[in-house]
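Colleague: Line by line, the protein sequences are chains A and B.
Read in order, the letters of the first sequence correspond to residues 1 to 461 in UniProt numbering.
Read in order, the letters of the second sequence correspond to residues 1 to 461 in UniProt numbering.
These aren't lab readings, by the way, just hints derived from the structure by calculation.
On a predicted model such as this, the values are computed, not experimentally measured, just so you know.
Just to be clear, a hint being listed does not mean it is correct.
[What the hints assert, rightly or not] Simulated pairs of lysine to aspartate or glutamate, DMTMM-like, Cα-Cα distance not exceeding 25 Å:
| hint | chain 1 | residue 1 | chain 2 | residue 2 |
| --- | --- | --- | --- | --- |
| 1 | A | K220 | B | D288 |
| 2 | B | K326 | B | E120 |
| 3 | B | K220 | A | D290 |
| 4 | B | K426 | A | D191 |
| 5 | A | K402 | A | D257 |
| 6 | A | K220 | B | E297 |
Protein chains: 2
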Amino acid sequence: MADAAFIDALIAAAGADAVQVGDAVPLHHRTDWSGVTSVQPVALVRPRSTDAVAAVLRVCSEFRVPVVPQGGLTGMAGGAVPVAGAIALSLGRMNAVESLDTAASTITVQAGATLQAVQEAAAAQGLQVGVDLGARGSCQIGGNLATNAGGNGVLQFGMMREQALGLEVVLADGTVLPMLRPMIKNNTGYDLKHFFIGAEGTLGVITRAVLRLHPAPRAKATVLVALGSFEQSLALLGRLQARFPGAVAAFELMWRDFVAASLHWQSLREPFDAPHPFAALVDVTGSDEDELRAAIEELLGESMEAGEALDAVIAQSQAQARTLWKIREATAELPAHMHPPINFDVSLPMAEIGRFADTCRSALDARWPGNIAVFFGHVGDSNLHISVDAGTVGGDEHGVEKLVYDQVATFGGSVSAEHGIGTHKKPYLGASRTPAELAAMRAIKQALDPMGLMNPGKLFD
Amino acid sequence: MADAAFIDALIAAAGADAVQVGDAVPLHHRTDWSGVTSVQPVALVRPRSTDAVAAVLRVCSEFRVPVVPQGGLTGMAGGAVPVAGAIALSLGRMNAVESLDTAASTITVQAGATLQAVQEAAAAQGLQVGVDLGARGSCQIGGNLATNAGGNGVLQFGMMREQALGLEVVLADGTVLPMLRPMIKNNTGYDLKHFFIGAEGTLGVITRAVLRLHPAPRAKATVLVALGSFEQSLALLGRLQARFPGAVAAFELMWRDFVAASLHWQSLREPFDAPHPFAALVDVTGSDEDELRAAIEELLGESMEAGEALDAVIAQSQAQARTLWKIREATAELPAHMHPPINFDVSLPMAEIGRFADTCRSALDARWPGNIAVFFGHVGDSNLHISVDAGTVGGDEHGVEKLVYDQVATFGGSVSAEHGIGTHKKPYLGASRTPAELAAMRAIKQALDPMGLMNPGKLFD
Numbered sequence: 001m002a003d004a005a006f007i008d009a010l011i012a013a014a015g016a017d018a019v020q021v022g023d024a025v026p027l028h029h030r031t032d033w034s035g036v037t038s039v040q041p042v043a044l045v046r047p048r049s050t051d052a053v054a055a056v057l058r059v060c061s062e063f064r065v066p067v068v069p070q071g072g073l074t075g076m077a078g079g080a081v082p083v084a085g086a087i088a089l090s091l092g093r094m095n096a097v098e099s100l101d102t103a104a105s106t107i108t109v110q111a112g113a114t115l116q117a118v119q120e121a122a123a124a125q126g127l128q129v130g131v132d133l134g135a136r137g138s139c140q141i142g143g144n145l146a147t148n149a150g151g152n153g154v155l156q157f158g159m160m161r162e163q164a165l166g167l168e169v170v171l172a173d174g175t176v177l178p179m180l181r182p183m184i185k186n187n188t189g190y191d192l193k194h195f196f197i198g199a200e201g202t203l204g205v206i207t208r209a210v211l212r213l214h215p216a217p218r219a220k221a222t223v224l225v226a227l228g229s230f231e232q233s234l235a236l237l238g239r240l241q242a243r244f245p246g247a248v249a250a251f252e253l254m255w256r257d258f259v260a261a262s263l264h265w266q267s268l269r270e271p272f273d274a275p276h277p278f279a280a281l282v283d284v285t286g287s288d289e290d291e292l293r294a295a296i297e298e299l300l301g302e303s304m305e306a307g308e309a310l311d312a313v314i315a316q317s318q319a320q321a322r323t324l325w326k327i328r329e330a331t332a333e334l335p336a337h338m339h340p341p342i343n344f345d346v347s348l349p350m351a352e353i354g355r356f357a358d359t360c361r362s363a364l365d366a367r368w369p370g371n372i373a374v375f376f377g378h379v380g381d382s383n384l385h386i387s388v389d390a391g392t393v394g395g396d397e398h399g400v401e402k403l404v405y406d407q408v409a410t411f412g413g414s415v416s417a418e419h420g421i422g423t424h425k426k427p428y429l430g431a432s433r434t435p436a437e438l439a440a441m442r443a444i445k446q447a448l449d450p451m452g453l454m455n456p457g458k459l460f461d
Numbered sequence: 001m002a003d004a005a006f007i008d009a010l011i012a013a014a015g016a017d018a019v020q021v022g023d024a025v026p027l028h029h030r031t032d033w034s035g036v037t038s039v040q041p042v043a044l045v046r047p048r049s050t051d052a053v054a055a056v057l058r059v060c061s062e063f064r065v066p067v068v069p070q071g072g073l074t075g076m077a078g079g080a081v082p083v084a085g086a087i088a089l090s091l092g093r094m095n096a097v098e099s100l101d102t103a104a105s106t107i108t109v110q111a112g113a114t115l116q117a118v119q120e121a122a123a124a125q126g127l128q129v130g131v132d133l134g135a136r137g138s139c140q141i142g143g144n145l146a147t148n149a150g151g152n153g154v155l156q157f158g159m160m161r162e163q164a165l166g167l168e169v170v171l172a173d174g175t176v177l178p179m180l181r182p183m184i185k186n187n188t189g190y191d192l193k194h195f196f197i198g199a200e201g202t203l204g205v206i207t208r209a210v211l212r213l214h215p216a217p218r219a220k221a222t223v224l225v226a227l228g229s230f231e232q233s234l235a236l237l238g239r240l241q242a243r244f245p246g247a248v249a250a251f252e253l254m255w256r257d258f259v260a261a262s263l264h265w266q267s268l269r270e271p272f273d274a275p276h277p278f279a280a281l282v283d284v285t286g287s288d289e290d291e292l293r294a295a296i297e298e299l300l301g302e303s304m305e306a307g308e309a310l311d312a313v314i315a316q317s318q319a320q321a322r323t324l325w326k327i328r329e330a331t332a333e334l335p336a337h338m339h340p341p342i343n344f345d346v347s348l349p350m351a352e353i354g355r356f357a358d359t360c361r362s363a364l365d366a367r368w369p370g371n372i373a374v375f376f377g378h379v380g381d382s383n384l385h386i387s388v389d390a391g392t393v394g395g396d397e398h399g400v401e402k403l404v405y406d407q408v409a410t411f412g413g414s415v416s417a418e419h420g421i422g423t424h425k426k427p428y429l430g431a432s433r434t435p436a437e438l439a440a441m442r443a444i445k446q447a448l449d450p451m452g453l454m455n456p457g458k459l460f461d
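Could you build the full structure based on these sequences and the hints that come with them?
Modeller: Okay, here's the thing in structure tokens:
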């Protein structure tokens, strides 16, 4: 039950129109895209300024009420789902794009700005944000930073962490850390901003950020390449990166099962004369489309002579590029065609991804003959996705998870490449982190949030 | 005085030949390149393995003896200079390049490997390390990471932090954190490695690292461009980055005073028909030298038409490129020609660098008429260097430092772009960090090194 004095103090801190209590909290703010069960928070607070966030956190400290920060609520791990007895603190009203510095290629934004709003502000100046993801219209920069979002641009520009030059963060006790200096080089003690990126709101609330921007490419070429093995795929990737350093924008590898399912679900035509074990969808950026296509054609010729590429389709137009990308974008169809999908977002040492996939497949087939599972991923950045149809494994989600995460541990991989831990992967964190690392994380948590009020129960208990 | 039981325990931990005591400690290990006064440590310990490092740290914890980690001792801020009563812990014997993964473009090395050794191992596979600096033959990877080294490649590949995929670190109590997973994507809780990068050995000892490598460029073009103003320089940089995204490897801006001093000291010829207020030395990488030079020539034509570039020299050979670079490399001559130089390594919001330099120059001239000062820097990554001849300011080093760092604070810059804080810049850390940030750093220090044994007195007291 909400203590009246506490609610009054919240209202004094953030304004009456910024506080909704109990049953008045909209359903939207009670869960996220992870499918974790809804929880009604004590109150939803939507402050309009950093000062108000700080004031709210001071009130919560005083009353010992936990705080669950919320961005666009598009997370896949349950990190922003409320906790009973906590307030939900939405950054959604702090959504200004404050300034864009074309000389330095930087942009200063409030945490609640959507990724798409920031992308559009950059594009208006011929620049781009290094990170892009499907949820761009809903997800917020603060959430992107708190979860260290990945997505489509990682191969070229890195994760969200690499885009952040500076952050403003409010600690649990209301202290504001104004770490907004926009310099690329700044060696003045511990680089505190990295403590908060990827911490999923467990150490503080991100309120503003300075992000670096990149020149928007003048030209882009898209090619779909047929390959016979994972090793040949890696060889092609190496060849591409050596020929187009820093310009390979995507290298999405799809196992045959994924391609077959995608073509079937979307009624698309087979892109090659025959099915092949792998297909790689590649984007390369450059300054001239014709030159770029000619250079790629030459490279593909070399690759075929070397026995890597088996066949290839080079998109001759943006429309054709979109058609090729449709094959990869079948992920949006997973919920409609699996019953339901059991999704994995793992990463592995790159050379091991092929063997890891084979091992998982064999183990799945041995235990659940006839199961349906598709393998696909960014691969160029070490990230593999797997979706298993729960209906074909007797609904044994935990059994499948244990099987896959055990292999992740054996191969020295990560149970979460880009989605984070939240509550969803908490039981498996130990597969990717040693007890010594977990103890160090707890020591940091204790140091910055001694009362344990920031997003409790997320990441670890 | 060294306690005999303590020395015996060190010998038991690391081996008799790994421990030198008191007067036997070589002079080399008593200071670094910063010019800070030598200090004799209780002992110098040079372990051969991570286990031995852990055993030595357990002994030091037990006896409450502080530890000063040492790499190649090329630091400019005094971070690795021993502290009275402490041991010096040299990583120099842990210098193996353990493995190189060409599929993933990663290299696993021990902390004591020199940067040059790692560069050579990468080059043998057609790859390169993202960081390069003058001290490459002496500096060690562990020190590069502990100080988050910058140098020549930052514009293209970022600082040392951006090269690190994984670290192995030993905490003060001997706990080993084996954070060596080599994946680009790994969102499993706090990314602890970032806590130790740039921490200058105050939180733990880096013992091994996995670094990402980049394809070595097939072609490189070097051009020296004459410019009339700082704003024109930034416009040229923007134009270069839009035309050659990710391929501008250097953009070194030199104010006229620096160019004039460099030409004079090295008896070089004026590169242009007339002196100009600024000269920018630019390296661009690509896949074909002729194509690259043609593209740059075209861009320079546009830049001149737009009123940015005033004149330009495109190197037609590697030899000519080296001649152009000699102008920038006059920094090696500073100690011979200044009495002595008072050196600054600051960074600023990029658009402000020109105004900052003008302001510093005016303030220096007003207070010390006839002073000699040169301004130069990487600029493309926000980094400005200044060297002032102490002989022309009445030897008032502290007066000059206060003047410059006050301006850094006013302009919202950093007192240390790439050299770190060590002991040398400790008095000025407050110009770049707020009390709240310093308090957060102290809380982290307390959490990971509660007895305060790791490199005490560095960064902060």
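Colleague: Output the numbers, in ascending order, of every earlier hint that fails for this structure.
Modeller: none
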